[in-house]
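J.: Chain by chain, the residues run as shown.
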Amino acid sequence: MAKIVAIVKMVPDLVEELEINEAGTGLDRDWLRLIINEFDNHAIEQAILLKERDAGEVTVIAPDAEGVEDMLFTTAAKGADRMIKLAGDLEEGANNHALARAFAEAAKPYQPDLILTGVQANDDLDGPVGPLVAEYLGMPYVGYISGVTIEGNKAIVRKEYPGGLIGEMEVTLPAVLGIQAGEEPPRYVAISKVRQMMKTAEIDEQEISELNPNGGVIAKRMYLPEAAKRAEMIEGDEEEIAAKLVAIFKKAGAL
Amino acid sequence: MNQDIYVIIEHLQGQVADISYITLAAARDLAQETGGKVLGVLLGQNAQELASTLAADSILYADHPALAEFTSDAYQKTVASLIGENEPRAVLFGNTSIGADVASVLSARLSLPLVSSCVKTSGGKLTSQICGGKIMAESELAETTTLITVIPGGYKPESGQSETAPEVILFDAPALDDLRVTLKGYIEPEAGDVDISKESILIAIGRGIQTEDNIELAEELAKFLGGTVCSSRPIVDQGWLPTSRLVGKSGQTVKPKLYLALGISGAPEHVEGMAESEVIVAVNMDPNAPIFDIATYGVEFDFFDLIDPLLEQVEEAKEG
Ligand SMILES: Cc1cc2nc3c(=O)[nH]c(=O)nc-3n(C[C@H](O)[C@H](O)[C@H](O)COP(=O)(O)OP(=O)(O)OC[C@H]3O[C@@H](n4cnc5c(N)ncnc54)[C@H](O)[C@@H]3O)c2cc1C
Chain A
1 MAKIVAIVKM VPDLVEELEI NEAGTGLDRD WLRLIINEFD NHAIEQAILL
51 KERDAGEVTV IAPDAEGVED MLFTTAAKGA DRMIKLAGDL EEGANNHALA
101 RAFAEAAKPY QPDLILTGVQ ANDDLDGPVG PLVAEYLGMP YVGYISGVTI
151 EGNKAIVRKE YPGGLIGEME VTLPAVLGIQ AGEEPPRYVA ISKVRQMMKT
201 AEIDEQEISE LNPNGGVIAK RMYLPEAAKR AEMIEGDEEE IAAKLVAIFK
251 KAGAL
Chain B
1 MNQDIYVIIE HLQGQVADIS YITLAAARDL AQETGGKVLG VLLGQNAQEL
51 ASTLAADSIL YADHPALAEF TSDAYQKTVA SLIGENEPRA VLFGNTSIGA
101 DVASVLSARL SLPLVSSCVK TSGGKLTSQI CGGKIMAESE LAETTTLITV
151 IPGGYKPESG QSETAPEVIL FDAPALDDLR VTLKGYIEPE AGDVDISKES
201 ILIAIGRGIQ TEDNIELAEE LAKFLGGTVC SSRPIVDQGW LPTSRLVGKS
251 GQTVKPKLYL ALGISGAPEH VEGMAESEVI VAVNMDPNAP IFDIATYGVE
301 FDFFDLIDPL LEQVEEAKEG
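Sequence lines, in order, name chains A and B.
Residue numbers for the first sequence follow the numbering used here, so the first one is 1 and each next one is one higher.
Residue numbers for the second sequence follow the numbering used here, so the first one is 1 and each next one is one higher.
Calculated directly from the structure, the hints in this document are not laboratory data.
Possibly wrong hints are sitting among the right ones.
Anything over 10 Å on all C-beta distances counts as not near chain B; from chain A, calculated [as the list claims (entries may be wrong)]: (1) E38; (2) K51; (3) E91; (4) E105; (5) I203; (6) P225; (7) E232.
Pair ranges (Cβ atoms, derived) [to be verified]: (8) A:K250 x B:G239: 50 to 60 Å; (9) B:D177 x A:E168: 19 to 29 Å; (10) A:E168 x B:S111: 46 to 56 Å.
C-beta: ideal position from N, C-alpha, C; glycine also.
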């Protein structure tokens with residue numbers, strides 16, 4: 001029976017407009033809408049799939065953030081057995097080195113066979129969290145994974161390379177894997193099931209002993225990209241735009 | 001610590017990856033600031049000849065059976081011992097399936113700072129692209145050896161290629177036994193029904209298309225334009241299109257005459273696969289979508305309001 005820990009975090013929702021803080025050194029967190037890192041969502045799906053296939057136990061660990069409880073209850077509705085929220089001085093966010101140390105400390109007592117996390121997150125500036133957690137726990141790490149099978153004390157994983165090439169790797173457990181895509185797309189759960197979890201399931205809140213950011217860089221400046229050249233914007237109502245596009249398609253030889 | 005810039009050279013199945021040429025170009029920019037040399041670090045078995053096209057002052061080469069093909073454990077150990085002995089100013093990796101498996105682990109193992117997703121290194125400024133290309137972050141080399149992962153966009157691979165082979169200096173890999181990660185073999189991608197890298201007209205769909213059924217609309221447009229439908233990663237991850245239709249970092253690199261991007265945000269991982277297209281037309285509702293920074297023409301509009309008139313007019317033009 002495999003003990004699996006999924007390490008996940010909330011990240012800026014890129015559909016929203018992002019703003020820079022007054023100091024010009026980070027995102028303005030006041031207005032930030034957060035969603036689960038999509039690759040972490042794939043990691044959760046992979047964890048649940050492994051549990052369903054081989055039996056096992058899934059623990060999900062996430063640092064405190066706006067919306068994190070709803071996210072954790074959603075994972076419970078999907079089949080996670082234990083949800084842990086890491087609390088600490090996180091209002092200004094924390095870099096991945098600090099988070100990784102906290103994740104490693106929180107995961108350790110569960111003696112996981114496998115730790116799954118998203119291969120990257122959109123706000124990583126000091127590398128992804130997975131390989132850092134692996135090293136802090138002395139476990140091997142392999143990333144860009146889109147398939148996992150557990151065989152005894154090993155995991156057989158599919159590692160993605162460009163162009164669709166797959167490297168089949170054998171990894172000695174316990175290990176940390178950076179998930180690119182689960183074997184199935186993240187499952188949908190009905191809101192009613194999540195609501196039910198809010199009533200019955202519990203989130204274990206644990207205090208982070210120390211947020212140590214060493215090893216992460218400090219951005220001197222953050223800004224919205226100043227595009228060197230921006231697209232020529234095509235204006236008008238839908239009929240006018242369609243007509244202009246037809247002209248462009250003709251010029252490009254598509255019509 | 002010396003002022004040299006190291007570049008970890010990536011190769012797969014006997015081929016140097018484009019990202020390594022790009023990274024060499026970034027390293028040259030950085031070396032101009034530090035006054036050091038650019039050194040390529042090549043790990044392999046009987047792979048010395050891969051050094052011949054690399055634009056570096058010299059190549060440090062380790063030959064070992066465990067380094068024949070990439071595995072994270074063996075690469076981490078070898079690069080860690082090299083950094084420990086030589087203490088270069090910076091070590092650059094591709095932010096790829098190879099580089100990203102090594103850089104972060106070494107940051108933790110050697111307690112060295114890491115800057116990821118760097119597109120530019122000019123003037124001593126490390127410029128990273130985060131949040132799907134919507135935010136730029138500037139940082140500097142730290143006081144110690146700084147680890148940096150590089151993404152495409154700031155340098156052309158040609159700038160990291162050379163006609164004259166650099167000098168190769170051999171170094172010994174550390175003991176590489178008890179490896180916890182081993183390669184069992186490669187699984188080649190299944191051949192698709194079409195090779196999108198050879199198509200001249202591509203209709204690309206992204207998450208903005210919303211449902212699988214809507215792919216039909218793109219198919220119809222493709223039929224009139226004599227093109228082929230391809231997509232961003234979420235569409236493939238949903239199982240709506242096969243991997244052979246994927247454009248970007250983990251899929252194909254395409255250079256069609258016309259690339260029509262429908263509901264694609266323009267994340268760096270997508271852009272690296274299509275930025276060289278001749279004409280790029282992007283339809284997206286978000287005025288800040290990064291795709292507009294690389295498109296030739298942009299349409300800030302709801303795809304679903306545009307598609308019917310567009311199909312009608314395209315059909316007319318086709319018949320007319
Ligand atoms: C290691 C790694 C490798 C990756 N490799 C690839 C790769 O090869 N290829 C790839 O594409 N991605 C790849 N990705 C994923 C990449 O990071 C992005 O997540 C992905 O490209 C986003 O796809 P998208 O633009 O379709 O979706 P989103 O980023 O969600 O964008 C959807 C867009 O649609 C717009 N939209 C929504 N509704 C409408 C509407 N009605 N009309 C018009 N516009 C609308 C939105 O404004 C938004 O801009 C990789 C990621 C990782 C971590």
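J.: State, for the Cβ atoms of D177 of chain B and E168 of chain A, whether the hinted interval 19 to 29 Å holds or is violated.
T.: holds, 22 Å
J.: Kindly confirm whether 50 to 60 Å is satisfied by the beta carbon distance between K250 of chain A and G239 of chain B.
T.: violated, 35 Å
J.: Non-interface claim for P225 of chain A: all C-beta distances to chain B beyond 10 Å?
T.: violated, 5 Å
J.: Can you let me know if the beta-carbon spacing of E168 of chain A and S111 of chain B is within 46 to 56 Å?
T.: violated, 33 Å
J.: Holds or violated: is the Cβ of E232 of chain A farther than 10 Å from all Cβ atoms of chain B?
T.: It is violated; E232 of chain A is separated from chain B by about 5 Å at its closest Cβ, not greater than 10 Å.
J.: Please check whether the beta-carbon of I203 of chain A is more than 10 Å away from every beta-carbon in chain B.
T.: Fine: 28 Å to the nearest Cβ keeps I203 of chain A off the interface.
J.: Does K51 of chain A sit more than 10 Å from chain B, CB to CB?
T.: Nearest chain B Cβ is 21 Å from K51 of chain A, so the label holds.
J.: Beyond 10 Å on every Cβ pair: is that true for E91 of chain A relative to chain B?
T.: Nearest chain B Cβ is 19 Å from E91 of chain A, so the label holds.
J.: Beyond 10 Å from every chain B Cβ: check whether that's true for E38 of chain A.
T.: violated, 8 Å
J.: Confirm or reject: E105 of chain A is not an interface residue toward chain B, with every Cβ-Cβ distance exceeding 10 Å.
T.: holds, 14 Å
In summary, the structure is inconsistent with hints 1, 6, 7, 8, 10 from the numbered list given earlier, while agreeing with the others.
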